[in-house]
Each structure stands twice: as structure tokens, then as C-alpha cells.
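A.B. asks: The chain contents come next:
Protein chains: 2
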Amino acid sequence: MQIPSKVLDEAIEAFSRLPGIGQKSALRMVLHLLKTPADEVEHFGEVLQRLRKDLRYCRNCHNITAGDLCDICSDPRRDRSTVCVVEDIRDVIAIENTSSYKGLYHVLGGLISPMDGIGPSQLNIESLCDKSGRGEVQEVIAALSTTMEGDTTLFYLYKKLKPYAVRISTLARGVAIGGALEYADEVTLGRSIINRVPYENHLVK
Amino acid sequence: MQIPSKVLDEAIEAFSRLPGIGQKSALRMVLHLLKTPADEVEHFGEVLQRLRKDLRYCRNCHNITAGDLCDICSDPRRDRSTVCVVEDIRDVIAIENTSSYKGLYHVLGGLISPMDGIGPSQLNIESLCDKSGRGEVQEVIAALSTTMEGDTTLFYLYKKLKPYAVRISTLARGVAIGGALEYADEVTLGRSIINRVPYENHLVK
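Going line by line, the protein sequences match chains A and B. Be aware that the first sequence starts at 352, since it is given in the working numbering, and climbs by one per residue. Be aware that the second sequence starts at 352, since it is given in the working numbering, and climbs by one per residue.
It is possible that part of the hints are untrue.
The list cannot tell twin chains apart, which means a pair is met if one copy fits it or any two copies do.
[To be verified] Simulated crosslink set (DSS-like; lysine-lysine; CA at most 25 Å straight-line): (1) K375 with K357; (2) K404 with K453; (3) K386 with K510; (4) K386 with K404; (5) K375 with K386; (6) K357 with K453; (7) K482 with K513; (8) K453 with K375; (9) K404 with K375; (10) K482 with K511; (11) K404 with K513; (12) K482 with K453; (13) K482 with K510.
No lab work stands behind these hints: they were computed from the structure.
Model the full structure from these sequences, guided by the hints.
C.D. replies: As C-alpha cells, then:
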């Protein structure tokens, strides 16, 4: 693609480095920005420049924060004995939106994936072991994807946390609420029969 | 969606205003930027801020340019008697990439669309009439989409340019080169039979 101007080319290049954005979508975005008010575009640029300056990772759980500890870790009402281990910050946001969890989090920053060259040392696993070693944590809930990478990471965590007095649990797997049985995949449906739950459990909110 | 930080929220907001980007994709992009090197993100922000300052629209054809006239309009080798009318800059880039056209362009900046509240006065039509009135233009090639809006705009241009000594032509419509006949839609296929072309025309490069 021949681009008529250097700034335009640089902007398309920057956008097309974002996940899921190709050259054509990037061009569409830049042309959209050329039509939006100048001060709005300037604000966009300013926000991007502040993004890396103002945001850092929480010292305790590696969530995003503006300060030293994130809002969740510094909230005295949260249960500090339960830690929910997640892959990245999107999972924290998703679980927070359910309002069903009152413990703390621990963001791994990825999953073990030898194919992508990601080993345990690149993830925030050491700091989780440290926390468990200090006896602060009673239960670790592994809220990881049920993929090859998620299962590998879960098994690694299980091995690593075994020496400490920590209960390890995983998310309940089963047929989605509101989902029709016929659309559930066979593995999930099969597992949901084996791990069936007493009816009384559903009555508890 | 509850976002843990204000800068993060602003960044997601800015991204989700782009065409085709929802809240979840915007979050994915911002988290991607948080993982990329800080100087790269800063450069991204800088490019966005320069975008509106450095770029303007060509005085003659409304294409994007860094100066007063765009590269195409200021190129003495281009044929100034032929003007290709297009909807936006993406079409200029697409046609330039074919290397089959040596005339000038005229970017309308949209199509007439009463449904979206876009009338002829919001488009760059007056300046096209001015050019035609000055006798600079011999042929206007309307390279517009064959949609309701494209056809409406074409008809309006036809009416407006009728008083001037200007030939008006449109792009050839027909079965795509390399396309199997069975996948062509009926309207296109029907039109391509009616507007069939002598075999000798295909031999001319």
C-alpha cells in the first residue's frame, strides 16, 4: 500500500501493531481520526503518553494501579486469606463485575506456554509462593482458562504450592447458566454430570 | 465494565470511539500497549498529536497532504484534463496502487445520504463544478460505489456538470478478473452480458 504522507504512514504503522488490527483497519481508524475534532485527537495522544507514565503494577498482586498498591489490595474490607490467581487484568475486571468475590487477586501476567517461549520465570509465580510461604494465604483459587497452557500452569502452581499449607481450588466447570443443553459441548456436559451438585446448593445465593 | 484506573478508563474510551472497536477490543488494545516498550507507546501518542497538526487537505482535490497541494496535484506528469471523482482517500490509495490511472483526483469526502443527514452541501461538489467551469477538465470519471448513496451522488453530479463541456464516465462494471462465473451475482453477470466488450479490447494492455 502506498501512503501519500509520512505522518499518515507512521500513524497507520502504529495502529496496525495493535492486536487484531491489519493495515486496512488501521487506515480506516486514522482517516476517522482525521475527521474527528482536533482537540479530541490531541487528547487521545495525550492519554497514550500518560498511560505508561501514570500506570504501574501493584506491588502485591500485579494488577494495574496508579499508586503502589491497587484499589483491591488496599481495601481493608477484602478477605486477605483468599487469593484468586488469574492470567491477566481482564480476568480481574471480569470477576470483579460479578460482585461474587471478596478476596484478593494475583495476576500471573500470562500462562506457561513453551510454544510461545513463555516459561514460569517470566510469570509472577515467585511472588505468589512468597505470599503463601509467609502464611498469609489459606486458599488459592486458580481461575485459569481450560486450555493446554492453562492446565500446564495450574499443574505447575499445584507443584509449587504443595509445600505450603494452602488449599488449591479451581473454578466450577459445567453447563452455562441460561444455556440450552443441546448447545453444550460433550466434554463440558460429561463433566457436569460427573461433578453434579446437590439441588440445595443452587438455592444458596 | 468497572475499570480500576482513570487513565486506563480514558484510554479505553478513546480507543472504543474508533470505528469497529467495542469496549472489549479497546481494553485488549490498551493492555497490549501496557506491555509494549514505553518509548514505543510514547511515539504512538506523539504521532497522534502530530496527525492533525501536520496533515491538511489539498486545496485542489481534497486529498491528504502535508503542504498546500498534494503530491498528485503537484506532479507535472499527471494529465490535468481528467479528474477521477472518489468518495474518500482510501479510494485514491486503491486506484493509485493499480498504476493504471495518470489523471488527477477529486475527493468528495462522502456520498449524498439523506438517511445519515449528508446533503450535497457537505461534500466537495462546488469546487468540482468550479474546476469544470474554468474549462480545465475534459473528462470526469465517477469512481463511486454502486450503492443507493453512490448512485444518488452520481446522478447529482451528472445534473450539476451537465452545463459544462465535460464528458462523464463511470467505472466498468462486470465480472471480476480471476473470479469464477458461478460466484458472480446475477445483476453483475446480467449487466456484463449486455455491456459485452469486443475481444480485441482485452488484448490492449
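A.B. asks: Against the earlier hints, flag every one the structure doesn't satisfy and list their numbers going up.
C.D. replies: Numbers 2, 3 and 11 - these are the hints that the structure violates, sorted from lowest upward.
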